[in-house]
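Build the full structure now, drawing on both the sequences and the hints.
There are 2 protein chains.
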Amino acid sequence: MQLKEGKERFIEAWGALGSSWGITRTMAQIHALLLVSTVPLSSDDVMKQLQISRGNVNTNMRMLVEWTLVHKKLIPGERKEFFVAEKEMSKVVKSIIIARRKRELEPMLRLLDELTEVGGDNDEAEGFRSVISDLKLYSNKADKALDALIKVDSNWFFSTFLSFIK
Amino acid sequence: MQLKEGKERFIEAWGALGSSWGITRTMAQIHALLLVSTVPLSSDDVMKQLQISRGNVNTNMRMLVEWTLVHKKLIPGERKEFFVAEKEMSKVVKSIIIARRKRELEPMLRLLDELTEVGGDNDEAEGFRSVISDLKLYSNKADKALDALIKVDSNWFFSTFLSFIK
DNA sequence: CATAGCTTTCAGTAAAGACTGAAAGTAGGG
DNA sequence: CCCTACTTTCAGTCTTTACTGAAAGCTATG
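For the protein sequence lines, the chains are A and B, in the order given.
If you use our numbering, the first sequence closes out at 166, no skipped numbers anywhere.
If you use our numbering, the second sequence closes out at 166, no skipped numbers anywhere.
These are computed hints drawn from the structure, not numbers from a lab.
Pairs count within a copy or across copies, as identical chains cannot be separated in the list.
Simulated pairs of lysine to aspartate or glutamate, EDC-like, Cα-Cα distance not exceeding 20 Å:
1. K136 / E8
2. K94 / E66
3. K136 / E12
4. K73 / E86
5. K48 / E5
6. K91 / D143
7. K94 / D143
8. K4 / E117
This one's a predicted model, so the numbers in the text were calculated from it and none came from an experiment.
What follows is the structure in structure tokens.
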């Protein structure tokens with residue numbers, strides 16, 4: 001396969017995959033484009049390559065920067081902003097875990113906390129509290145596990161984890 | 001808080017959370033409804049309680065059964081089908097991990113396999129292959145870790161994992 | 001301190017995704 | 001083997017979410 005074709009397929013497929021990860025096609029495509037670019041790109045470069053509007057690039061780029069998957073890069077003599085993707089995969093993985101934990105787990109923990117205070121001493125209320133508290137238990141475990149995962153160096157974690165579990 | 005209010009809040013919030021987990025509001029709401037119900041429910045019960053159409057219930061219920069979060073339950077003397085949610089949380093967690101791995105990780109592994117064969121011996125092609133192979137490395141690690149997680153008893157895993165990492 | 005060059009915002013529009021409901025399909029009971 | 005009670009399907013519609021593009025907002029430079 002040729003490099004050009006490979007890049008195109010990667011950008012397209014990464015975009016499609018994005019949806020199943022809960023991020024927009026475009027955000028994922030911009031990320032892919034920057035990941036396989038050897039040079040920093042400006043908004044105009046991205047607009048041109050992906051055929052999307054300035055506003056769209058701006059919004060999605062801001063999210064990528066927020067997730068720390070992309071950084072602004074100033075080029076001396078240029079007034080435009082340029083962008084580069086973080087290419088060290090342990091950092092990429094870490095950023096994704098942090099962002100997803102925040103989106104997917106935190107709201108759940110908040111909800112469950114609120115619902116433990118349901119009253120009543122019949123079987124039905126008992127059942128409800130039991131479901132909620134079990135959910136809470138597992139959510140907390142997941143939360144702590146992810147927290148540990150974030151704090152340690154990813155390489156260390158994965159290799160140790162795997163040898164341990166095997 | 002009253003039980004009725006608690007259930008309602010749970011169903012509504014679980015639905016909202018669903019979107020951030022990449023499942024539809026309705027599928028999550030049906031799941032929530034069944035989780036906090038002490039008796040099996042029929043399609044009609046669900047239609048009535050959530051104010052949604054028969055087709056919608058049918059489609060989403062099928063997905064819940066596919067994810068093994070819900071089981072059909074036959075009640076003697078009734079021709080209708082009834083449904084109950086799996087309430088053991090270790091099983092629920094396991095089902096969710098399996099389904100998400102399939103949706104989110106498998107397509108990625110397939111894509112990356114395809115892209116390792118990109119040719120060229122300049123720096124650019126080298127960089128591309130490096131990004132792809134790093135991604136592949138981490139995806140495989142995540143895949144194996146999840147596989148291990150699925151295979152062991154969830155309780156064992158979490159407690160051992162946590163004491164290990166702490 | 002005015003202007004050019006760039007970035008951000010956001011109301012309106014387009015695209016994607018979910019839901020409805022009626023019609024077709026299926027199976028137990030008589 | 002037909003009727004009735006249910007389940008499934010899917011074309012059309014609605015809702016939600018993402019994108020566009022033009023206008024407003026910045027900020028370096030002369």
